[in-house]
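Novice: Given these sequences and hints, build the entire structure.
In terms of UniProt numbering, the sequence shown opens at residue 1 and continues consecutively.
Hints are computed from structural coordinates only; laboratory data are not their basis. Everything numeric in this text was worked out from a predicted model, so none of it was measured. Treat the hints with care, as some may be off.
Label pairs and their computed distance ranges (CB to CB) [unchecked claim]:
id, residue 1, residue 2, range
1, S77, A426, 24 to 30 Å
2, Y502, V85, 25 to 31 Å
3, A363, S271, 52 to 58 Å
4, L163, A325, 44 to 50 Å
5, S271, R88, 29 to 35 Å
6, T152, A474, 23 to 29 Å
Where a beta carbon is used, it is the ideal one built from N, C-alpha and C, also for glycine.
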Amino acid sequence: MQTDSPHVPASGSAPVAARLKDADRNAVPQVETSAYVGGAWVEAHSGDRFAVTDPATGETIGHVPDMSVADVDDAVSAAGDALTVWRRMSVLDRGTILRDWAELMRDSAEGLAITLVREQGKPIREAVAEIGYAASFLDWFAEEARRSGGTTIPSALPGRRMLTVREPFGIGAAITPWNFPAAMITRKVAPALAAGNTLVVKPAEQTPLSALALARLAERAGLPPGVLNIVTSSRANTPAVGHELSTRPEIRKLSFTGSTAIGALLMSQASATIKSLSLELGGNAPFLVFADANLDLAVEGLITAKFRNAGQTCISANRILVADAVYTEFAERLTEQVSRLVVGDGLDPATSIGPLIDAAAVAKFDAHVANAQQRGATLRFGGSAHPRGGNFVIPTVLTDCPSDADLCNEETFGPLAAITPFTDEAEAITLANATVHGLAGYAYTQNADRAWRLADALETGMLGLNTAEIGSAAAPFGGVKQSGIGREGSHEGFLDWTEEKYLCWAINDADA
Numbered sequence: 001m002q003t004d005s006p007h008v009p010a011s012g013s014a015p016v017a018a019r020l021k022d023a024d025r026n027a028v029p030q031v032e033t034s035a036y037v038g039g040a041w042v043e044a045h046s047g048d049r050f051a052v053t054d055p056a057t058g059e060t061i062g063h064v065p066d067m068s069v070a071d072v073d074d075a076v077s078a079a080g081d082a083l084t085v086w087r088r089m090s091v092l093d094r095g096t097i098l099r100d101w102a103e104l105m106r107d108s109a110e111g112l113a114i115t116l117v118r119e120q121g122k123p124i125r126e127a128v129a130e131i132g133y134a135a136s137f138l139d140w141f142a143e144e145a146r147r148s149g150g151t152t153i154p155s156a157l158p159g160r161r162m163l164t165v166r167e168p169f170g171i172g173a174a175i176t177p178w179n180f181p182a183a184m185i186t187r188k189v190a191p192a193l194a195a196g197n198t199l200v201v202k203p204a205e206q207t208p209l210s211a212l213a214l215a216r217l218a219e220r221a222g223l224p225p226g227v228l229n230i231v232t233s234s235r236a237n238t239p240a241v242g243h244e245l246s247t248r249p250e251i252r253k254l255s256f257t258g259s260t261a262i263g264a265l266l267m268s269q270a271s272a273t274i275k276s277l278s279l280e281l282g283g284n285a286p287f288l289v290f291a292d293a294n295l296d297l298a299v300e301g302l303i304t305a306k307f308r309n310a311g312q313t314c315i316s317a318n319r320i321l322v323a324d325a326v327y328t329e330f331a332e333r334l335t336e337q338v339s340r341l342v343v344g345d346g347l348d349p350a351t352s353i354g355p356l357i358d359a360a361a362v363a364k365f366d367a368h369v370a371n372a373q374q375r376g377a378t379l380r381f382g383g384s385a386h387p388r389g390g391n392f393v394i395p396t397v398l399t400d401c402p403s404d405a406d407l408c409n410e411e412t413f414g415p416l417a418a419i420t421p422f423t424d425e426a427e428a429i430t431l432a433n434a435t436v437h438g439l440a441g442y443a444y445t446q447n448a449d450r451a452w453r454l455a456d457a458l459e460t461g462m463l464g465l466n467t468a469e470i471g472s473a474a475a476p477f478g479g480v481k482q483s484g485i486g487r488e489g490s491h492e493g494f495l496d497w498t499e500e501k502y503l504c505w506a507i508n509d510a511d512a
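Specialist: Right under this line is the structure:
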């Protein structure tokens with residue numbers, strides 16, 4: 001899974017998106033194309049660069065430094081040099097910088113969104129909404145830091161006062177995915193910086209331009225040099241950079257969003273230095289529709305949960321389980337809605353489905369469609385090559401998908417909706433839990449008792465009941481089983497970037 005990620009609220013996106021025309025492709029905002037280390041815009045020690053391409057056209061839209069171990073060393077040193085001053089700064093002053101950064105992001109939303117679309121491909125409305133969502137993490141954690149103090153403990157020891165304080169880890173590292181290249185950075189960076197840590201961030205090789213654009217705005221907001229460092233690297237150098245970030249003893253915490261396989265590798269590598277880890281990994285979300293569900297809401301929710309960002313989100317509905325009594329009607333309604341989705345360039349305001357990220361993603365999509373049909377699934381819509389070619393695919397609906405199909409056991413990360421019937425609640429729960437993953441789940445029912453039973457029984461870190469819009473900076477985001485450890489967002493997301501220190505204070509007797 002490249003993830004990530006939660007529902008991106010659509011509020012505020014329409015006015016900007018309405019102003020953008022397809023011709024704006026040739027009027028791309030100026031973007032940063034150097035890495036950011038120690039408050040300076042720098043090149044790789046090797047002098048090498050790699051290309052960033054537009055998944056809609058295959059066009060090269062920029063080149064950025066191809067950094068490796070020597071460059072990570074510089075970034076870690078810069079983070080260490082900045083740590084003392086930054087952690088001693090008051091939470092109010094750190095919060096002011098984060099809020100100013102958020103405001104600059106909102107002021108620059110149009111340019112940031114165009115850059116995001118060009119390197120990632122999602123529709124412009126979703127891109128603009130993501131910028132607002134990303135800024136919300138800066139706002140939230142700027143305030144949350146003020147509310148996250150320690151505790152006092154009733155003393156069990158005579159003549160003692162017992163209390164705890166929260167402290168930053170020190171130097172941290174974050175490795176972020178390509179599917180939400182703005183929001184996944186601020187969801188990690190905001191709590192880390194608010195708590196007083198300094199950071200080295202390695203963005204996905206497909207989408208470094210959004211990370212560098214955010215770093216420029218952080219600089220303008222007054223973030224001191226070395227507090228945030230952005231290291232860019234190609235696919236070839238990424239394993240070496242990841243190894244360095246996960247094994248260096250100076251780095252006390254590592255946060256990663258990506259596949260379960262890479263998360264397990266980083267966890268293994270980090271074990272030698274006993275790092276604190278936050279891992280948001282693969283998902284295989286079930287989407288349950290019961291006979292008493294409001295089908296209008298359920299179809300609407302599935303369009304959101306399955307087809308947002310062309311299905312390239314960690315919490316996409318991957319296994320759609322529908323009660324026998326409404327199975328046929330639901331499939332017909334869904335197919336009709338999917339047939340209306342517009343596939344196209346993300347900068348065209350009419351587009352609802354952009355390209356997949358690369359040729360490998362298209363190949364996986366095609367393989368999952370073919371495998372499901374070989375195992376008995378019925379093709380209801382799509383399933384053939386898109387006339388645009390390249391990284392574009394036709395949104396596809398399959399029915400009667402068997403549970404042993406590949407798409408039921410691994411993320412498709414594409415706009416493929418595969419429906420499987422169930423007979424009763426017990427079977428639905430069994431099918432939903434039949435996975436090593438447990439990130440998100442969705443269930444539609446108007447029976448309150450059933451909703452509570454599902455809340456207890458479904459093995460997921462997050463559950464949307466009669467809604468697919470579950471993302472919020474105020475909510476804890478994370479999974480169970482092999483979907484990761486730790487939580488991002490919310491009060492828990494802040495605590496994940498702090499350590500608790502216990503103080504025991506002896507009070508002298510006044511007569512001593």
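Novice: Now, for every hint given, state plainly whether the structure supports it.
Specialist: Now for the hints, and whether the structure bears them out:
S77 and A426 have their C-beta atoms about 57 Å apart, which leaves the hinted 24 to 30 Å range violated. A hinted range of 25 to 31 Å for the beta carbons of Y502 and V85 is consistent with their spacing of about 26 Å. Take A363 and S271: their Cβ atoms lie about 34 Å apart, and the range 52 to 58 Å is violated. For the pair L163 and A325, the supplied restraint of 44 to 50 Å is violated, since their beta-carbon distance comes to about 58 Å.
Between S271 and R88 the beta carbon distance is about 31 Å. The supplied range of 29 to 35 Å therefore holds. The hint said 23 to 29 Å for the Cβ distance between T152 and A474, and at roughly 26 Å that hint holds.
When each numbered hint is compared with the structure, violations occur for hints 1, 3 and 4.
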